[in-house]
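Based on the hints, put chains B and C in the right spot on chain A.
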Amino acid sequence: MSADPQAACELPPNVGQDRPPILELRNVSKRFPGVLANDDVSASVAPGEVLALLGENGAGKSTLMNVAYGLLSASAGEIVVDGNSVQIRAPRDAIRLGIGMVHQHFMLVEPLTVTENIVLGMEPTNSWGLIDRAVARKRVVEISAKYGLKVDPDSRVMDLSVGMQQRVEILKALYRDARILILDEPTAVLTPQEVHELFQIVRELVSQGLAVVIITHKLDEVMAFADRILVMRAGRVVGETTPEECSEQSLARMMVGRDVVLKIDKGPAKIGEVVLDVSDLVVLDDRKLPALKGVSFAVHGGEVLGIAGVSGNGQRELVEAITGLRRPSGGTVSLKGRDITHDDARRTIAAGVSHVPEDRHRRGLVLEFDLVENVALGDQRREPFSKHGILNRSALDTEARARIKDYDVRTPNEHVAASNLSGGNQQKLVLARELGRNPELLVASQPTRGLDVGAIEFVHRRIIAERDSGKAVLLVSMELEEVMSLSDRILVMYEGRVVAEFEGGQVTEEELGLFMTGGGRTPTEPSRASEEDTGA
Amino acid sequence: MPEQMADTPPNRAASTVDEKQFALEQERFQRGVRMATPFISVAIAVLVGSLVILASGKDPVAAFSAMFFGAFGGARQIGETLLRATPLVFTGLAVAYGFRSGLFNIGAEGQLFLGGLAAAFMGVALGGLSWMLSVPLILLSAMIAGAAWAFIPALMKAKLGAHEVITTMMFTYIGRYLVSWIVTGPFKAEGAIPQSPMIPASSQLPRISDVFTFIQPNRAHFGILIGVVAAIVVWWILKYTVLGYEARAVGFNPTAAETGGISVAATTIKSLCISGALAGLAGATEVMGVHYRLFDQFSSGFGFTGIAVALLAKNNPLGVVAAAILFGSLSAGAGTMQLEAGVSQKVISIIQGTIIFLVGAETIVSWAVSRVRRARGGADV
Amino acid sequence: MFSEVVTPELFASAVRLATPIALAAIGGAVCERSGVVNIAMEGLMLISAFAGVAAALLFGNAWIGVFVAVLASVLFSAIHAWASINLRADQVISGTAINILALGVTGFLMETIFGHPGTTDTVKTIKPLMDLPAGGGGVLGTIWQWVDVVFLSYTPLVYVGMFSAVFLTWAMYRTRWGLRLRALGEHPRAADTVGINVLRGRWVAVLISGFMAGLAGANLTLEQVGSFTENMTNGRGFIALAANIFGRWTPGGAYMASLLFGFADALQLKLQLFSDVIKIPPQFFLMLPYILTVIVLAGVVGRAVAPASVGKPYKEKG
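Residue numbers (this note's numbering), protein chains in the order written: chain A, 1 to 536; chain B, 1 to 381; chain C, 1 to 318.
Isolated chain A, as found in the complex (with noise of 0.2 Å):
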């Protein structure tokens, strides 16, 4: 490794600013059928140079990468890339001209190997026309120590950690020769530690000349590591800046079109009755391995407990375990007193404990069933929805249109298909079944990825609701700031246990990070949370 990492941070942050540009996109629109994505956006990047894309979901950041990086083709506008006007018209055409890009969702090959990902697509081959794996392997050691990016050339994609998928990505761009890196929510599966990593990373590419553009909705990161920020919003660029000029609150009035709350408005949990304990759980995942090893916790009516770790560490297995999906291998899940630990899903709704999923296409709605009989599903055998097995088309109507107006689900009428509404009226009609079971106990997983700033604050508020109602809410999510802001009491997940306990708003994300790497278990640690909970 040549550069010194350190040296990077070092350099004037407005570096940039005064080379031209490398890539320059001109006045791009991108029209999908009944939605324009993109509204004459224009925005260029300099080698050296970080831009940060923010805006919140649907904003349109994406798919104006996706137009450079040849994914869509753009409706009208042009591509300029050193000075010269250029046609994408696939990813191919992209590499070709220095841009890579990582997705937000990985594109990975997972049974093949970090080395065989890596050269795909552009494979060195022998003079027989063969891959030469030897050559391979050399080029993608050679460039992870060119940068620092240290990774397995022969592990299988598979069996490695979400960062580490990560920084493959980085180094399938870098063995294409990218000038031009462009990370879509990179950090959204981030550890905070992971976070900083990533981005001590992105200070030696652009150290090296490369220039970078990061696509988030996070204000903090943008605040930390841009060099200058294009906010967008509903398609269009709203405003461009940078952190020295601005502050979150005002990003996030830009980027929102209106004054947000950033804190969510709650007042002191009123403790009730104990409604779900787990306790000594274990669970097995899809490959029979151990994912939840021994794992003991109670939520208690009145209260959210907030569960943070990073993903895949056995969060998916116990909210599956609860909610009926999943069965244990040992321990006991009980609600109110009553063992369901055994229960299938269809006995643990009617337990009273409803679910909002952490994927609402795949799970959370049947998207080709009109709104009614979504709003039906789980409850379909019972009364008044049903009789003797055959369905009151009437009750369920009725039901249907006044939860769809509780709920304020935006829809021409109750009759059309859930596929038909946005995200967030699609994530409202999930809460409008689940909330108007009226359950005991609300277990909400990731309930607002992908949602704009509008829902994001409706879901959060119904979630207060249902705490403030004296219900129990198990709350799971990846975004830190959603747990710390909507939790009364967090657990921090790791490797299938329950390494820490903190009381809401008493712990730090840094705190939080450190434990769910397996990192707050040294003994070291001052903040160590107590052990007689885990129950190890």
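It is possible that part of the hints are untrue.
[Unchecked claim] Keeping only pairs whose Cα atoms sit at most 27 Å apart, straight-line, the calculated DSS-like set for lysine-lysine is:
hint, chain 1, residue 1, chain 2, residue 2
1, B, K314, B, K270
2, A, K387, B, K239
3, C, K312, B, K314
4, C, K127, C, K312
5, B, K239, B, K314
6, A, K405, A, K336
7, A, K138, A, K150
8, B, K159, C, K312
9, A, K270, A, K336
10, B, K270, B, K159
11, A, K405, A, K387
12, C, K279, B, K188
13, C, K124, C, K270
14, B, K58, A, K387
15, C, K124, B, K314
16, B, K159, A, K288
17, A, K266, A, K138
18, A, K405, B, K239
19, B, K188, B, K239
[Stated by the list, open to error] Chain B is nowhere near these chain C residues, computed Cβ spacing over 12 Å in every case:
hint, residue
20, E4
21, E9
22, G60
23, T119
24, D121
25, Q145
26, V147
27, V160
28, T175
29, M256
30, L267
31, F284
Simulated from the structure, these hints should not be mistaken for laboratory data.
Where is the CB? At the ideal position from N, CA and C, for every residue including glycine.
What follows is chains B and C alone, placed relative to chain A:
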């Protein structure tokens, strides 16, 4: 849709068009394509058939008019059309019910064979009973036999994830050999021909024109009316019962159904068995209304034609009746066509295959529609 | 009886009977690795079996028959490719349509060309590649007889099947084409974002499976039977699909799995000869390959992991 990029629809929070309006338009367009596809598909398939006939040096107009006369030219012809539509109503319903719950019952043919076997056996066994008892009992036993033949593939699908296309197909071959053995061995009528004994009159489904004598004599039997009743019952099950609701939920999205407390495995088993039971009825009505006995060639691929029927009907039970009559008329008219225009009957399989292709792949028709629109300079959707 | 049943001919017969299944299954493995299900293989085999016989009769040369058989199968597989890749149709339904179309087309052409349904005229089948003299007596002679019959007695396409199993397995794991093919079936968008043409890659894979199914059909009529009978493939295309799954989506595995089916078939044919000794109706022997398929699937499915994106249409861009 895990591959959906963050900013593409349906996540259209940035919509500059009124959302409600968009949803309505979307719904209307989808419905339009859904309604038009079957008709366009039949038209294209007939066109393809004509080209094939033309290529073989024959006159397609003469061929299709002969076919039309053969199918609808008189009471006898219409009766023949209904006769041939009867098993297709049941196999069409069988395949459609499977599709609605996300299952492709390609093996309706095998379940039909078992249904026919049960009908022939029970028909003979219940010989002494009045038809009022024996006919329902025979139909019931054929349904059970068809369901039983679907049960192992259903179990394998539900518990192991073995694809029902392969397993039900294998059970079709096994079922055919089973019937072939039974009519040559243990259940063989006297004489040289491998066939079962004849079922007594009390076990038969009478011809409609024999009961209502004001109708000119034809071969259509009461099976078609049972078929219409079955279609209405299946429609009702799908729309108004928890059973049907759960089947559709699993068919559209098993993961969401599971989350909603529906047992995907149990629903899969139930649905494939119901599908098998409906296919079993096809075998029963063929034995009870047409042949009055069982032999190993008693079905000319009704189970497979049922796939075309279901797809053409867009899996709508009432549409199945109409589609079955269409295919019944093709089959009834094919003989006349061969006789008068010299065109091989097999051309109807080509038409069938084309229809499956076009309707099954709805995208093909919308692709064709958009091509036509573009050629006319219309707006591209 | 054992020595009468277990003869070199039994094994040779197993290999021969396995060949059409194996050829199709190998193509199926390539096709599914690219992310496209090909249940049309049954129909493709049927079309090529017919086209092969018809062309061989017309031109009086079995090799022209093989060529035409492959051509016909590739053409029909192009329909499947176009529908399922470009138009993103349901792959299983598109395949089913081709299977039914194949029944219709072969039946129609049969009556149009030969003037009657049923079975075509007979062609002279392709001879075994090698015709080696029989060995003498003694142990050495017996060994030679086994080697000759089990390994050296086959017609050319049987060897093509063995060769393609080895070659395509190697190609799938060692060549650029193979790496890209595996990427297509696992994560086509990942392949797209590194500049690989997903649609073209899938087209090539489907056409390869059409080519292989064409060889399978040709082997059936031009090397084994010598004539075409309506619906003569009798589910072999579906069994090939099962063999592909049993072989875990590798050409070599698919070939070995096909051998199992071939052996079951050979054994049932052999045992039928002893029907006066074993009192079992022939239908039960005939069921054997199908029952075996069900058992194999029951045993292997769930443990074998299919390519992640198999059966899912890919949309290039918006």
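Structure-based check of all given hints:
no. : hint             : result
1   : B:K314 to B:K270 : holds (21 Å)
2   : A:K387 to B:K239 : holds (14 Å)
3   : C:K312 to B:K314 : holds (21 Å)
4   : C:K127 to C:K312 : violated (42 Å)
5   : B:K239 to B:K314 : holds (15 Å)
6   : A:K405 to A:K336 : violated (31 Å)
7   : A:K138 to A:K150 : holds (14 Å)
8   : B:K159 to C:K312 : holds (23 Å)
9   : A:K270 to A:K336 : holds (17 Å)
10  : B:K270 to B:K159 : holds (13 Å)
11  : A:K405 to A:K387 : holds (25 Å)
12  : C:K279 to B:K188 : holds (18 Å)
13  : C:K124 to C:K270 : holds (25 Å)
14  : B:K58 to A:K387  : violated (60 Å)
15  : C:K124 to B:K314 : violated (47 Å)
16  : B:K159 to A:K288 : holds (16 Å)
17  : A:K266 to A:K138 : violated (56 Å)
18  : A:K405 to B:K239 : holds (25 Å)
19  : B:K188 to B:K239 : violated (44 Å)
20  : E4               : holds (25 Å)
21  : E9               : holds (25 Å)
22  : G60              : holds (23 Å)
23  : T119             : holds (15 Å)
24  : D121             : holds (18 Å)
25  : Q145             : holds (35 Å)
26  : V147             : holds (35 Å)
27  : V160             : holds (26 Å)
28  : T175             : holds (27 Å)
29  : M256             : holds (18 Å)
30  : L267             : holds (16 Å)
31  : F284             : violated (7 Å)
Consistency with the previously given hints fails for numbers 4, 6, 14, 15, 17, 19, 31, ordered from lowest to highest.
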